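Engineer: Below are the chains, spelled out letter by letter.
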Amino acid sequence: MAEITVERLTKRYGETLAVDDLSFTVEAGRVTGFLGPNGSGKSTTLRALLGLIRPTSGRALVMGKPFHELRNPVRSVGASLDAADVHPGRSGRGHLRTLAAAAGLPNSRVDEVLDMTELTPARDRRVKGYSMGMRQRLALAAALLGDPKILMLDEPANGLDPQGMRWLRDILVALAAEGRAVLISSHVLSEVEQTVDSVVVIGAGRLVMQGTLAELIRGDRRPALVRSPQAEELRELLEGEGASVTVDGRPDAMLVHHASLEQIGTLAAAHGIPIFELTHEVSTLEDRFLELTGEGGNVR
Amino acid sequence: MNVLKSEWLKLVSVRTTWALLAAMILIEGLAAGLVTELGDIDDLRRRDISTLIIGTHLAIVFMFTLGALLSTNEFRHGTANSTFVVTPKRERVIAAKLAVGLVVGAVGALLYIAVNAGLGLSILSNRGVAVDAHDAVNGYVGVGVGLVLGCLFGVALGALLRNQILTIVVGMVIFLLAGTAALFIGNDVGKYFPGESLLALQATPGVEKTLLSQTNGGLLLGAYCVVLGIAGMIFTRQREIT
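As you go down the protein sequences, you meet chains A and B in turn.
For the record, in the first sequence the residue sitting at position 187 is 187 according to our numbering, with numbers rising by one throughout.
For the record, in the second sequence the residue sitting at position 104 is 104 according to our numbering, with numbers rising by one throughout.
Derived from the structure by calculation, the hints contain no laboratory data.
Here the structure is a predicted model, which is why all the values come from computation and not from measurement.
Yeah, the Cβ is synthetic: ideal placement off N, Cα and C, and Gly gets one too.
Below are the DSSO-like pairs computed for lysine-lysine, each with C-alpha atoms no more than 30 Å apart in a straight line:
| hint | chain 1 | residue 1 | chain 2 | residue 2 |
| --- | --- | --- | --- | --- |
| 1 | B | K5 | A | K149 |
| 2 | A | K149 | B | K89 |
| 3 | A | K65 | B | K5 |
Facing chain A, a subset of chain B residues (Cβ under 7 Å, in silico):
| hint | residue |
| --- | --- |
| 4 | L9 |
| 5 | V14 |
| 6 | E240 |
Coverage of chain B stretches by chain A, computed from C-beta distances (three or more under 8 Å per stretch; other residues unrestricted):
| hint | segment |
| --- | --- |
| 7 | 71-79 |
| 8 | 83-89 |
Start from the sequences and build out the full structure, keeping to the hints where you can.
Structural biologist: Laid out in structure tokens, this is it:
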């Protein structure tokens, strides 16, 4: 059974359709990236999963149940919706103690999660003096309080420096390896592409794709940049295989559409054509992500 | 009990709570000291206990604000998200806030009475002004109950309105403009307003002609708190946390 199930979820605010017939699942033992541009419905979906808002139609289930029916929500789900959601006059430890008390957890657990998130030295400082990275760590500490089976984090990498990103990646991968389902949202694929195993991509509240990161890459339809001293010969071969080729401005370079990097390389090797460069024009997943989500065109 | 403990920790873990209590005690102490020390002897004798509880409305505002912060801080600082994820049965959270409001209101009331009576009555005694013991007990009981109910009123109204500034402004209008409602709509209706109920609760000699009795004023203000508290619980359960 999937740990998180979103089934034909629709959420409407007046005339605005925030989430539109969205369905996906999240499995245990994986880090799943919930990706989409700002305003695409990610936070609304997470709020529906956490029982903070009611779906207009459809279902948002955690461990097969609506959130409010969970017997022990803190042990089932740890969530962070916004790292800024802390009283600025309270210390980090004070904030966690209020949550631990409500959940019936001992103060020793607060100290454990402060250690896990490397916030112990700053635990007694008021949160208004925390950097964004420290607030993100505090939000994760709060989510980890109940040692939950499922983690839902909304934009956890937001505002982290490269060191913080690496730390976040390591801890999330380790948590998933312990068998937890980890769902992290982001509007920037590069923030999470080294962390996630699976992705759920949405745009304008609708599912664009769900699959593994490899599947996301395989669906890449961006042109390939090819450089070869026998560019003209390779061009004829590629066009013969159904690819379309445009020139790049340089005599030895061309852009190849409708052929994967593997197909181009294999074809060139079969005909003994040397290749100097074979890559996507801009080789990041970001372009694939933007291609899928409409490069911000779907943002409401 | 878990939610109650959590709400108590929320209250005592921010400096605003202590600052509001300290400011109330300081201002009320100063008011009681200055009025009794500098007041005209004949006037003090004539006004009896009402001289001492002259600043009660300001104290009520402090206690109301404290109660309002208990509820509205959740939405002002976004902690409602984590609060209601940890405790999905939201009405329990509001009930715990009301219970904490009751306790802190009682603490505030005891501090107020201790400072006001300790300072004011000793100065009056030194100046040879006798205060009727029955009136004094009545007045302080009324003020104490008023402070507790003022705090509860703040918690309940905050749960209902959510918006911190709106809640405090509405509270100011209700309690600071008490006594003016009757000028516009007449005593027959005006005496049932929350602010007027509070005035009745203080049992200032002479006001019983235009207001409810002290007991009825207290009961009515308590009823307002109960109704607002229940409405706050229902609204908090029904509304979406966005």
